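Q: Let chain Z serve as the given structure and place chains E, B, P, W and V on it in line with the hints.
6 protein chains.
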Amino acid sequence: MRPSGRPADALRAVSLERGVAKHAEGSCLVRFGDTHVLCTASVEEKPPAWLRGSGKGWVTAEYGMLPRATGDRMKREAASGRQSGRTLEIQRLIGRSLRAVVDLVHLGEKQITVDCDVIQADGGTRTASVTGAFIAVYDCIAWMKSRNMVGPKPIRDHIAAVSVGIYRGTPVLDLDYAEDSEAETDANFVMTGSGGIVEIQGTAEGRPFDEAQLTAMLALARRGIGELVALQKQVIL
Amino acid sequence: MRPSGRPADALRAVSLERGVAKHAEGSCLVRFGDTHVLCTASVEEKPPAWLRGSGKGWVTAEYGMLPRATGDRMKREAASGRQSGRTLEIQRLIGRSLRAVVDLVHLGEKQITVDCDVIQADGGTRTASVTGAFIAVYDCIAWMKSRNMVGPKPIRDHIAAVSVGIYRGTPVLDLDYAEDSEAETDANFVMTGSGGIVEIQGTAEGRPFDEAQLTAMLALARRGIGELVALQKQVIL
Amino acid sequence: MRPSGRPADALRAVSLERGVAKHAEGSCLVRFGDTHVLCTASVEEKPPAWLRGSGKGWVTAEYGMLPRATGDRMKREAASGRQSGRTLEIQRLIGRSLRAVVDLVHLGEKQITVDCDVIQADGGTRTASVTGAFIAVYDCIAWMKSRNMVGPKPIRDHIAAVSVGIYRGTPVLDLDYAEDSEAETDANFVMTGSGGIVEIQGTAEGRPFDEAQLTAMLALARRGIGELVALQKQVIL
Amino acid sequence: MRPSGRPADALRAVSLERGVAKHAEGSCLVRFGDTHVLCTASVEEKPPAWLRGSGKGWVTAEYGMLPRATGDRMKREAASGRQSGRTLEIQRLIGRSLRAVVDLVHLGEKQITVDCDVIQADGGTRTASVTGAFIAVYDCIAWMKSRNMVGPKPIRDHIAAVSVGIYRGTPVLDLDYAEDSEAETDANFVMTGSGGIVEIQGTAEGRPFDEAQLTAMLALARRGIGELVALQKQVIL
Amino acid sequence: MRPSGRPADALRAVSLERGVAKHAEGSCLVRFGDTHVLCTASVEEKPPAWLRGSGKGWVTAEYGMLPRATGDRMKREAASGRQSGRTLEIQRLIGRSLRAVVDLVHLGEKQITVDCDVIQADGGTRTASVTGAFIAVYDCIAWMKSRNMVGPKPIRDHIAAVSVGIYRGTPVLDLDYAEDSEAETDANFVMTGSGGIVEIQGTAEGRPFDEAQLTAMLALARRGIGELVALQKQVIL
Amino acid sequence: MRPSGRPADALRAVSLERGVAKHAEGSCLVRFGDTHVLCTASVEEKPPAWLRGSGKGWVTAEYGMLPRATGDRMKREAASGRQSGRTLEIQRLIGRSLRAVVDLVHLGEKQITVDCDVIQADGGTRTASVTGAFIAVYDCIAWMKSRNMVGPKPIRDHIAAVSVGIYRGTPVLDLDYAEDSEAETDANFVMTGSGGIVEIQGTAEGRPFDEAQLTAMLALARRGIGELVALQKQVIL
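Chains as they are written, first to last, in full-length UniProt numbering: chain Z, 1 to 237; chain E, 1 to 237; chain B, 1 to 237; chain P, 1 to 237; chain W, 1 to 237; chain V, 1 to 237.
For reference, chain Z alone in the conformation it holds in the complex (with noise of 0.2 Å):
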């Protein structure tokens, strides 16, 4: 029995708000249990200096917790000068998903900035974000399109993560904080709307996993995904 005694293949509660933000040209607050991450998308008129001339945009991410998200307050990282290591992968790997679903041609010399503050964490968080920064671009996105500011097929598929780790010897889908401190392995998937995947990033905490751990952790990941590409489906009906 997991912490949390959901089953091995449960996922937390999910939420996705849309239009959440009053400015932002997209948004959505996701949650995933007492995960709460709030994620914006803001446009550009001009691509970064680099793709200039290039016909092609961009889209990139920026990720932070407030301080007091978590059970210790944390040193804010404004104060202290510098994002850790932690922030800046996972900002990182939320661009990365991001662009995988985003036809950067179609979008042209626009740069889309994703901002995923998290509001309150519980686990999951780099996982929660990568699920709602799609909604906030897809709306972002539409907004753009109704101003006729972006070619015809900006969104390739949806794109959504979710982490699983092995607890005890099990794999378990979508850890909250208490079964990540004590998993012995904690991997994050992420994959798209057709089942591709995008990004995996797995790590033995405790012992060393095999072969066939990876393969059951894949699958229940693929079917968590699965889950989260349909309510993002749901929401932007």
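Any given hint could turn out to be false.
For chains that are exact copies, the list does not tell them apart, and a pair is met inside one copy or across any two.
[Stated by the list, open to error] Listed below are the simulated DSS-like cross-link pairs for lysine-lysine, each with C-alpha atoms no more than 25 Å apart in a straight line:
1. Lys145 with Lys56
2. Lys46 with Lys233
3. Lys75 with Lys22
4. Lys233 with Lys75
5. Lys22 with Lys56
6. Lys153 with Lys75
7. Lys75 with Lys56
8. Lys46 with Lys75
9. Lys153 with Lys56
10. Lys22 with Lys233
No lab work stands behind these hints: they were computed from the structure. Note that this is a predicted model, so its numbers are computed, not measured.
A: Only chains E, B, P, W and V this time, still in chain Z's reference frame:
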């Protein structure tokens, strides 16, 4: 007629939502119209180094804005590596305001850090922050009381804040962003529940103001802060 | 009786020494008793980027203290790698105050940067800075006029500043450091030569203050600033 | 045919040169073809502060590239004042990988810091770093053993890493820079000597990949890491 | 004929004004013509961490220039967030020079920090700083002596410095800015009162120099430093 | 007898290995005994901004040490976020030395950046850097010549450097770390192939030195640099 259509002496719709952050010892989501600030209060068992052995505690504040809290996306301070002068100025004001009503001896050798993070901005974020931070600190100290961590009366009074401006020659209460950007004078008042003035910051953006206008602004502020304190009292009943 | 022995409404000995810096377009060494601030004004041929093409210029200020300007040596901000919140707050105040009396259209697309460096501190460094910076800017603009670099009337009025405090219940003018550290309330006033209020910053350090005390402080400030403006006029005759 | 002309399952010429740094307790210059990384291991008598009194030690890593290790000169991170997200991500990976095979209790309250500095880069610097760092740590712990500084069995297993990619649809082992920049998918695998998986990082740069491709990449990685571990064993005989 | 019109072996008008800073334990305003440097010496009761328990003290220096000390305004180092290489180089030189004549054992476990802040620059700021800093340290140690804080003879000798250059082929003493910017060689000499050489820094800006020129520059420096030491003696009589 | 057992006028074993870096336009691994520095020269098509349109190019240098190049591991400058004063001082010296022999007009509007990275340190890293950097620049300019990127004679002379010290009263050439840490005086000389002096930096660490000692050190330096230049000539034949 002011842009918001409100009478000169009317606050925006204000709400104070307690207990919104799962992990924090005290928290409050304060809304002044479309300005939304999440205030959390975090206890540390030790005061800052310069107070060790003094028998006194400390209350301090940090302030931040999510990058897309505003109409145009602002650079993330954590990414640029430094907090702006505006940020530092505001968080110093919030800290001073809270310390004006907390008895640092009764608090004992502890530190309370209040984080005020602007989720959405529409003018008056610093005054909303002070008003909401009071509730977060109140609940934090209640949490400490229930664990016998503080002296008998660590909170001496309420504290709340409001902005007042001179818009086309007329003093008006609680400016939203549209009003603020056109006001000739912008002033922030911080007062206690019993009506004492704790802080005045008044700046002529265009034409200088005179004593009569200062008096009129003070009267409006007193009225607005009276309503805010009444609301605080309702909320913590 | 206040620690300095001065009557409640008496300024310290104030002097404004012009032309003290060989290289600067305008300069003034201002002394309020033992508080000595060197103010220099430097012209740049271009305004900041966001004003290019607007026809308008800009006046900005930077503030610093020599490490041993104070009783205890302070860390050098250049060595610690960041300016403190207090420094940023003061230099923003000086800049706003000067812009209140400079006509940015008549200034044209130029920038004046005023550096206020505290050589010795004994309370009231920010108000001394504003008062001396006016002379530096005045001389800088005279230098520009003699080269036909500005419009007909780039300076609209005088600007000066003074601190007022409540010391043992009594409002007193122009606090030195010993008085400031014991005052219940500390307020800074910036006014024009014609008596308009440009900035009020009042903070209760101990007990809150009331409207009568605010009025009394304003009256003292008006008197003190009147004397300072008279002295400025004498100096630039 | 891949650009390097190697068969799909062939490593580049790999060498591990021990004892190359006069001062370090352990060192290894690892070469994967034209990728050359100098790995040194340095002992500190104390673990990091958060492990004091725990009886446990720590192994950590730092990573850097000489500015002209690459085809175009990169900005020196010491000069720009911050380490890039890529650098932080890589050094976190190296540290985690080494800790997977070091018994921190047998290590005792010491810290080993491994520095991996890329002298010349041609793809695969992070996997070369892990492979070479193992030798540096091994020799460092041998040095400590000979001084009775560690418990009986501080190293549990070998650790090595290799990159695998999908190049024009075919999985290929150990990508050099030319291959890496055209690969559709780039994955890094870290495994122990006994074949346990410690870390997988797989990223689709172009088209997403599927489970069959993941399985094929894992098989190639297992083969390559087997050869690398065999080479490590030869070197430390 | 050199630009200043001075004979090749003539110093500018030099003055050393003691006791100019109200708060510092020792201070000196040194003027070499239009180069004006304020030197203050501050005592700390503890030496730096690496000297605790050694019985020895430390003397260190920091150097800065006011932004408009120079012909063109320079960026404020506190604002740009880092001290330039030039600044660090100069403050290291000043510290080394002072330590050459202070007996760190007789000083005991204290630290003296000398701040040399250039109020106005016209060439030779580092050599003026060394020369004035000696007086500030001398007075600081006298202050310490009168409080029995130091051993019997903490100062072993005088220390002073001067620049020498080769201007159109001729060695000249004590270059001002106009001379310095055209000199083929620029050298700084630091010597003790008894004529020992403590530091030579000579740089060919244009053509390399030869041994005869070095000898001639040394002779000029010896003469100039002799005069500076005589002036120091006069001042501290 | 000096610690190294070398005669007073003997260099350590010196070698200059060209073409060691695959990517750089010029490179040299210089060894002075156990001091090993990798020097690379990188061409940029544009000079720094302040030289655009001048017809002149620039040569600059950066310097770094691998963290475990030294007996005790040093903090990585990229991680601490700033380069030390020592680093900045050394890289300024290397740049000045190289510019003394490169004709910036013949170089044309290009920039050469030399990176000197200390792989292993045993005293004299800055003088080894200058000596090796010359070879890297030489080869870089040869590379440019073969592409018709430079004027007819961009290199005017050789440049090399050596340290000299006074060890127990005797001048000795080319100090290693053990000698350097006990020397009373430490001096670095940079000279051209034709014997002109480009830079002297001499510092008394203990007792001051006199003119006779300076002359003796200069003679030793001249001898040592003569040998280094002869070696450079051999290498670039």
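Q: Run every hint past the structure and note whether it holds.
A: Structure-based check of all given hints:
Within a single copy, Lys145 and Lys56 get their C-alpha atoms as close as 16 Å, which meets the 25 Å cut-off; across copies the closest is 37 Å, which misses it. Taking the shortest alpha-carbon separations for Lys46 and Lys233, neither the intra-copy value of 30 Å nor the inter-copy value of 49 Å comes in at or below 25 Å. For the identical chains of this complex, Lys75 and Lys22 are inter-copy neighbours only, at 18 Å across copies versus 28 Å inside a copy, given an alpha-carbon limit of 25 Å. In this assembly of identical chains, the alpha carbons of Lys233 and Lys75 never lie at most 25 Å apart, being 37 Å within a copy and 32 Å across copies at closest.
In this homomeric assembly, Lys22 and Lys56 never come within 25 Å of each other (Cα to Cα): the closest approach is 28 Å inside a single copy and 33 Å across copies. In this homomeric assembly, Lys153 and Lys75 never come within 25 Å of each other (Cα to Cα): the closest approach is 42 Å inside a single copy and 29 Å across copies. In this assembly of identical chains, Lys75 and Lys56 lie within 25 Å of each other by CA distance solely across copies; the values are 23 Å between and 38 Å within a copy. When the C-alpha separation of Lys46 and Lys75 is checked against a cutoff of 25 Å, the pair qualifies only between copies, where the shortest distance is 16 Å, while the shortest distance within a copy is 33 Å.
With identical chains, the CA atoms of Lys153 and Lys56 are at most 25 Å apart within one copy only, with a shortest distance of 14 Å there and 44 Å across copies. Taking the closest pair of Cα atoms, Lys22 and Lys233 come within 25 Å of each other only inside a single copy of the chain (23 Å); across copies the shortest separation is 29 Å, beyond that limit.
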